Amino acid sequence: MNWSGPLGTCGMSRTLAFGIRAFGSNLRVETTSLEAQTILDRYIFPSLPRLGDSAELPDIVVRVARVAKQLWASVNDVPVVSACRAIDLVPALVRVLDDAVIQRLEGLRAVHAGVVLWGGRALLLPGATHAGKSSLVAELLRTGATYFSDEYALLDSEGYVHPYPRPLLLRNGCPNSIPVLAGECNAPIGEGPAPVGWILFLEYQPDGAWSVSSVPQSEAVLALLRNTPHAWADSPDLVGVFRRAVAGATCYGGYRAGAVDAAGQILQLVGGSS
Amino acid sequence: MQVERTDLDALVVNELPDGSKVIVDSRNEKVFALNATAGAAWDACSGPSTLNQVAENMQRSFNPGVTQEVAEEAILQLQERRLVTTSEPISRTTRRQLIATLGAIALPLVVSLTMTEQQAHALQARSSITPAKPKPHPEPLRPRFRW
Chain A
1 MNWSGPLGTC GMSRTLAFGI RAFGSNLRVE TTSLEAQTIL DRYIFPSLPR
51 LGDSAELPDI VVRVARVAKQ LWASVNDVPV VSACRAIDLV PALVRVLDDA
101 VIQRLEGLRA VHAGVVLWGG RALLLPGATH AGKSSLVAEL LRTGATYFSD
151 EYALLDSEGY VHPYPRPLLL RNGCPNSIPV LAGECNAPIG EGPAPVGWIL
201 FLEYQPDGAW SVSSVPQSEA VLALLRNTPH AWADSPDLVG VFRRAVAGAT
251 CYGGYRAGAV DAAGQILQLV GGSS
Chain B
275 MQVERTDLDA LVVNELPDGS KVIVDSRNEK VFALNATAGA AWDACSGPST
325 LNQVAENMQR SFNPGVTQEV AEEAILQLQE RRLVTTSEPI SRTTRRQLIA
375 TLGAIALPLV VSLTMTEQQA HALQARSSIT PAKPKPHPEP LRPRFRW
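Protein chains in written order, with the working numbering: chain A, 1 to 274; chain B, 275 to 421.
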């Protein structure tokens, strides 16, 4: 599908657009649908400032166009998702934008992890997509933590974590995820980098009980290497960055049950070690 | 029996605040994680040493409760990962014997990850939309958690 057609030349109404500077990438979001514009403005990197037409060439272009009764979304002219309602475009768009932004990161290294701030230090919950990170992060936010991310910990060369505050993608028992803002969990969003205080490598077991034990920092480095989208071969600094990140952290590994129970156990654990 | 470190030129060793160590072997494109006990054994054989000397060094610098069996297990793990060589084969202490001698000391543990394995994990971690690639086999020494 050629996306420049419906948006640019097919007699559609005025194009609504805004720009975002996100972690070194220039994003441009374009749509002719007012509904889509409102939703995208609400959920695409919601805490980052919106820019007008920028002179800089965008690295990533999101387009949403209505074709018959469907809204179609593309990223850099590659079709991503279609849906009747704009809100249903958001989860797939957010994930594709994550990929695009993470691949372009400069000076930061990403780890698949939920991240919250607790007592001025970051708590990392590494895990693959669909491992239940978002539910656990949402539960921690409801108990007073500050939101950093439900998907990526961005680490700088000193090992500090930077917020990556995309909307949380929660399933709430449904097959499809829905976007939720940190504010809807009554949580503030982290404003700057923080040292890593704790790393918890938790595996979800629906019928399991909470069972964790301490993990050596060196093993945590290897576990972070298993949870990063960056290849060590392409990023030789990875080991050093992860080593600095774990150096001030208490690390645990083990099993958890549901998010509510796990959040309580985590807060007891980090309360006891802070 | 003599114990000696191998391939020192290719290894970059970093100690972490909890006493554990990360060793990067650039020649073989591997990274090793040594827990504090295995790290102490690594320190204890900085020069060619006998197993008795390794145990004594570990007792002095790490924990007076280190037994010959603990030192032996640590050296065995380092040897299996080709971080040290020994002049004679080491007989593996049974796990029950080893645990009986541990006291408050953690079981020595050396875990490794190759660059190829890491790359497979990175591809897997990239996207839920990108077609998933098969995950590499989990580390055989550490079957408890799948992280």
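For the record, the hints were derived by calculation from the structure and aren't laboratory data.
None of these values were measured; they are calculated from a predicted model.
Beta carbons are placed, not taken as given, at the ideal position from N, Cα and C, and that holds for glycine.
Take the hints with a grain of salt, since some may be wrong.
Claimed, not checked - Short derived list, chain A residues pointing at chain B, Cβ under 7 Å: (1) V78; (2) P79; (3) E219; (4) A231.
Hint by hint, here is what the structure shows:
1. For the restraint placing V78(A) at the interface with chain B, the shortest Cβ-Cβ distance is roughly 10 Å, beyond the 7 Å limit, so the hint is violated.
2. Taking 7 Å as the C-beta contact cut-off toward chain B, the hint placing P79(A) at the interface is violated, the least distance being around 12 Å.
3. Taken as an interface hint, E219(A) checks out: its beta carbon lies about 5 Å from the nearest beta carbon of chain B, inside 7 Å.
4. A cut of 7 Å between beta carbons decides the hint on A231(A): the least distance to chain B is about 5 Å, and the hint holds.
Of the numbered hints listed earlier, those contradicted by the structure are 1, 2.
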